[in-house]
Amino acid sequence: MCGNSDSESSAQLAVMDAIVFFIGAVLVSNILLSYVVTLPNHSPESSIVGDTDPAEILRTFLATSLCESVVVDLGQKFYLDDRTTAAESLAIELLALEVGHDLNQFVHLNRLIYDMIRAVCNQAYEPHLLVFDVDDDLSGPVLSIPSAHEATKSAYASSTEIPGSGATVYLAELILYPTLLPELV
Amino acid sequence: MKADDGGVAGFFEDLPVLMFVLVGVVTLVLCCTWVSRNLNAVQVQEELDSLAEDIVDSVMSRLLKPETPGLAPSASSAQKMDILDIASRVSGGRHYLVAMIARYPSCTWLNTGSDTNTVPPDATGYCSRLLNVIDGYERIVVLEVRAIVW
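Line order of the protein sequences matches chains A and B. For the first sequence, counting from 1, position 156 maps to 156 in the working numbering; every step adds exactly one. So the working numbering is basically just the index in the second sequence, starting at one, shifted up by 185.
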């Protein structure tokens, strides 16, 4: 009797040891798997670098010519030739908005600017350009191209200062919203 | 004679133990194999991406001409560029495909260069950069330099 109870308790002890070993093995496996998942090439953010860097897109876009002549009617007609850069045309638009002109007078120019950004950035992203007055951080954006955009959970952004009239400095911010699932971009 | 009751009972009692140990060992082995394969794939991918980046940097630096800083390159110089000559110096024996694409105002292929006609396998390195160039009408347009390495 005494021998049987000894063998039963040692068998239970062996099962306990095996369960502890099994739990340990599962834990170690989990740690290894979670380490691999956190590697840079496994994260969705890795695909943004190089392919669709918002800073690179914003810098390139601002230095690009409109490649199309635009006439803006502000009482007197302003003629922007096809060599005018996006930064220069934005500066003119911001100056006009500053002195009280209506945003509707720049519909064609803003449409062209939007087409430019769309052409430069990866088609898997939806661009949204916002311009803020650096000194007036309480109000919203001075300019938004397109005028409204539904924000998504994940987005990539970059900003740079663009000179305005006189002492006014504006901050141009480019936001890229993935149109596909981030894992597929 | 004494019956070996304990021995028979011990074998059946050991089966759950054996099962837990075996499943634990198999889990560990499978996990380690998968992790090592992934680490190896990540390392190869990083090498290929780095090589693609080097090729794009070489093409960009040839276009931008460091000896004349501040001067934007022309689209025609990108069209005439000998991509094979530049890329073969940094490709390190890997196969590559380099393409220069005008992105704005129109999307057109300006120049391509590859050392092979073979189809890339699954593992490829990729790099893409944008730069401004001056076109024939003296407008600043957008050029993209892409490289795929395998």
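A few of these clues could be false.
Stated by the list, open to error - Only part of the chain B face toward chain A is listed, based on derived beta-carbon distances under 8 Å:
| id | residue |
| --- | --- |
| 1 | Cys216 |
| 2 | Val275 |
| 3 | Arg279 |
Said to hold, decoys possible - Partial list, derived from the structure: chain B residues whose beta carbon lies under 10 Å from chain A:
| id | residue |
| --- | --- |
| 4 | Leu213 |
| 5 | Leu248 |
| 6 | Leu249 |
| 7 | Lys250 |
| 8 | Val304 |
| 9 | Asp307 |
| 10 | Leu315 |
In case anyone wonders, no lab produced these hints; they're calculated from the structure. Bear in mind that the values here come from a model prediction, so they are computed numbers and not experimental data. In this text, a Cβ means the ideal position worked out from N, Cα and C, and glycines have one as well.
Status of each hint after checking the structure:
1. Cys216: holds (4 Å)
2. Val275: Not OK, violated: Val275(B) not within 8 Å of chain A, min 17 Å.
3. Arg279: Violated: closest Cβ of chain A sits about 18 Å from Arg279(B), beyond 8 Å.
4. Leu213: This hint holds: Leu213(B) lies near chain A, its Cβ roughly 5 Å from the closest one there, short of 10 Å.
5. Leu248: Interface hint status for Leu248(B): violated (14 Å vs cutoff 10 Å).
6. Leu249: violated (13 Å)
7. Lys250: This hint is violated: Lys250(B) lies away from chain A, its Cβ roughly 17 Å from the closest one there, beyond 10 Å.
8. Val304: violated (21 Å)
9. Asp307: violated (14 Å)
10. Leu315: For Leu315(B), the interface hint holds, since the closest Cβ of chain A sits about 4 Å away, which is under 10 Å.
Checked against the numbered hints given earlier, the structure breaks hints 2, 3, 5, 6, 7, 8 and 9 and satisfies all the rest.
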